[in-house]
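Which chain is which? The protein sequence lines are A and B, in order.
Letter by letter, the first sequence follows residues 98 to 212 in the numbering used here.
Letter by letter, the second sequence follows residues 780 to 892 in the numbering used here.
Do not take every clue at face value.
[As the list claims (entries may be wrong)] Covered stretches of chain B, going by a simulated chain A footprint (3 or more residues, C-beta under 8 Å): (1) 822-829; (2) 882-889.
[Claimed, not checked] Straight-line Cα separation of at most 25 Å, PhoX-like style, residue types lysine-lysine; simulated pairs: (3) Lys884/B with Lys154/A; (4) Lys856/B with Lys884/B; (5) Lys884/B with Lys801/B; (6) Lys856/B with Lys837/B; (7) Lys884/B with Lys106/A.
In case anyone wonders, no lab produced these hints; they're calculated from the structure.
In this text, all values refer to a predicted model and were calculated from it rather than measured experimentally.
Yeah, the Cβ is synthetic: ideal placement off N, Cα and C, and Gly gets one too.
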Amino acid sequence: NAGVTQTPKFQVLKTGQSMTLQCAQDMNHNSMYWYRQDPGMGLRLIYYSASEGTTDKGEVPNGYNVSRLNKREFSLRLESAAPSQTSVYFCASSEASGRPSYEQYFGPGTRLTVT
Amino acid sequence: AQSVAQPEDQVNVAEGNPLTVKCTYSVSGNPYLFWYVQYPNRGLQFLLKYITGDNLVKGSYGFEAEFNKSQTSFHLKKPSALVSDSALYFCVPFYDSGYALNFGKGTSLLVTP
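Looking at chain A on its own, in the form it has when it is part of the complex (with noise of 0.2 Å):
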């Protein structure tokens, strides 16, 4: 039982380049979520998927695209890396959608630079 996996682990990017990070967890949730954490500014949501098929937008989505492929996948894609997006990225997973009492389970994250 791996919990939540993240790949790749590091990624240097040049401005303008594209990627995606890629996220799965074999525990069985419905929901899952992609964070970035930034020095002096915590972890922000980027996006999250309640479910199977559903997308939402959190706080800061500008510049990032997600796709849940299917139940334990949820990829974060960057269509145009910009400095600005220089930062570690967590993808989480919980058990359910709509349910505050379940806790999230976090991957190891990926360390993202963008020169």
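We have chain A already, so just place chain B on it with the hints.
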């Protein structure tokens, strides 16, 4: 809407001493309050939560927190700190929709030998 405040950016404690990481909240309705911990260069881990019921909540690694409605607080405590407790701690309100908009900056705990 729910929001929390962690008034201290950093807390320093000597090993073996009790530790407290403060969290106060402002809510409309019933709060769902969680504590998460982030060890260096790792993802966040769930520690404990308050949903309803007993105001004293016990969690992982010997941590506990008390939901105090009159003081609108949910402070994280541990009777005897370990050096390995050094980490970033987040107090997080969850909305009815089941997601947290913002984990905030957290409080950095440093336990010295």
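Right, here's what the structure says about each hint:
1. 822-829: With 5 residues closer than 8 Å to chain A, the region 822-829 of chain B meets the three-residue bar; holds.
2. 882-889: holds (count 4)
3. Lys884/B with Lys154/A: The given pair, whose Cα atoms are some 21 Å apart, holds under the 25 Å limit.
4. Lys856/B with Lys884/B: holds (19 Å)
5. Lys884/B with Lys801/B: holds (13 Å)
6. Lys856/B with Lys837/B: Distance ~10 Å between Lys856/B and Lys837/B Cα, so the pair holds.
7. Lys884/B with Lys106/A: Holds, at roughly 22 Å.
In this structure, every one of the numbered hints holds.
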